[in-house]
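S.K.: Here is what each chain is made of, one letter per residue.
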Amino acid sequence: MSYNSFDEILSICYEKNISFWEAVMEDDVLERNTTQKDSRTKMKATWKAMQLADQNYDKDLKSKSGLVGGDGHKMELYGELHQQTSLCGNFLNKVMASALKMGESNACMKRIVAAPTAGACGVLPAVLVSFYKEKKCTEEDIINAMYVAAGIGKIIATRAYISGAAGGCQAEIGTASAMATGAMVFLMGGNSTQIGQGVAISLKNMLGLVCDPVAGLVEVPCVKRNVLGAMNALSSADMVLAGISSKIPPDQVIDAMKEVGDKMDFTLKETALGGLAVTSEGMKITKKMLSDN
Amino acid sequence: MNLFDILGPIMVGPSSSHTAGAVRIGYMARKLLKEQPVKAKIYFYGSFATTGVGHGTDKAIVAGLLGMEPDDIRIPNSFVIAKEQGLEYSFHTISLKDAHPNTCVLKLISRDGQEIEVEAVSTGGGGIRIHKLDKVIVDFTAERPTLIVYHQDSPGYVAQVTAILAQKGINIACMQLFRNKRGGFAVMVIETDQQIPDAAISWFENLDGIQKVTYIDLTENITESEGDLNVV
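Heads up: the protein sequence lines correspond to chains A and B, in order. Reminder that position 83 of the first sequence reads as 82 in numbering that gives the first Met the number 0, one-by-one numbering, no gaps. Reminder that position 178 of the second sequence reads as 177 in numbering that gives the first Met the number 0, one-by-one numbering, no gaps.
Don't take every hint at face value.
[To be verified] Here are the simulated DSS-like pairs of lysine-lysine, each with C-alpha atoms no more than 27 Å apart in a straight line:
id, chain 1, residue 1, chain 2, residue 2
1, B, K82, A, K41
2, A, K47, A, K132
3, A, K58, A, K257
4, B, K134, B, K38
5, A, K47, A, K58
6, B, K82, A, K61
These aren't lab readings, by the way, just hints derived from the structure by calculation.
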């Protein structure tokens, strides 16, 4: 009962009358030759690791290059001071702070959960941890939402790719954003079809995003792109919940992402040979990094 | 690719290929030496050489050699721990022909003078591939239990080893055989679906003409989170 597309997993869901997360979990049990209990224990450990990583943020840490650190704290302070007046509002401020923190923790060699990659590790926890902290769901709901997210990531990894080196940032932050969208649609009571719609909308918004990290490091622009991924996930989920649908179905959006990624020049796929990496400031930073070594 | 390769691994950042993969390479090389090395020469190629320091690749390899796994929060302090534990290490760059950009070569020496040379590649997402073992081309990922047997290149060794595996009910998932030259020394790499019992391993070790047997089982690295979780 394996699945390689939304068409497949949705038909499994409707034929067996199970929810999206159940289909993903059943497949995991089958594939890894394990039990539901073991699978859920592992997923719960993954969730705990995400929460722990969020909690262990250290605002005083700087990355080896010195480019990254402390911004999550700034965002948090701003959010607390301007709860009523900030543009994005209280919940979104928290999501932004959380995404920055996780991206920075990653750059500073702290422990994180790759979701689906280390560079995009802030997107999913930013929405899940913030939502959970607001007490809008139970821990079991979160675990189920993580199955939804992982299943989405698996389909994208199978049909296309999930790394910046293979398909640009659209494949990395884009996939993380699609995973987070599906998780949020589920947590807000959306059905399996709506989860697919959410994926289509959020991934469409990310198409073409290149991977152009300064000095080849997972820092600039990666940390802030985690914010983009999280915000896109929430707005995409809200659109779906408002009854808006994607004119292009999710599988075709994923295939389009792959086509765009294949056509993307190699200089824009994590080689640090294009985009922001070769701006004069980017080159200056790179030069300094190399001479410091 | 399983579900927890997508949502995971739980790892110390910043990069699954340049950090988590590098830890695994060090860890695997240590397993292949069968103990913690006292001396390690670490050679970086390609992207490992150019962006390794910024990604903590150097600390990651040393951490692996010290027996740490990719989620160990001590990875950033591995240099200090290496000093405490008497592991001497040095970093170099190397030119290789047609190699994957994330390649490194490790030359390790154990306390009693055993030496091993491992060429490994970090293939992305924390996955790795051992590419050469003591200059003999091999190719395995250690994602399944893996048996590595160094033996004389003469008839009968494969038959003897596989007969024992069959007797123990162990299914071979993948099998490769390499040699440096005809009649020289050969390396048998067998990946299995089940774990191989210690008794079988020591039986292999005592066969005439078998020089070394290494068994690696990294299939289940369930992560125990360290530290307290103060979540209400």
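S.K.: What are the numbers of the hints that this structure violates, sorted from low to high?
M.R.: Structure breaks hints 1 and 3.
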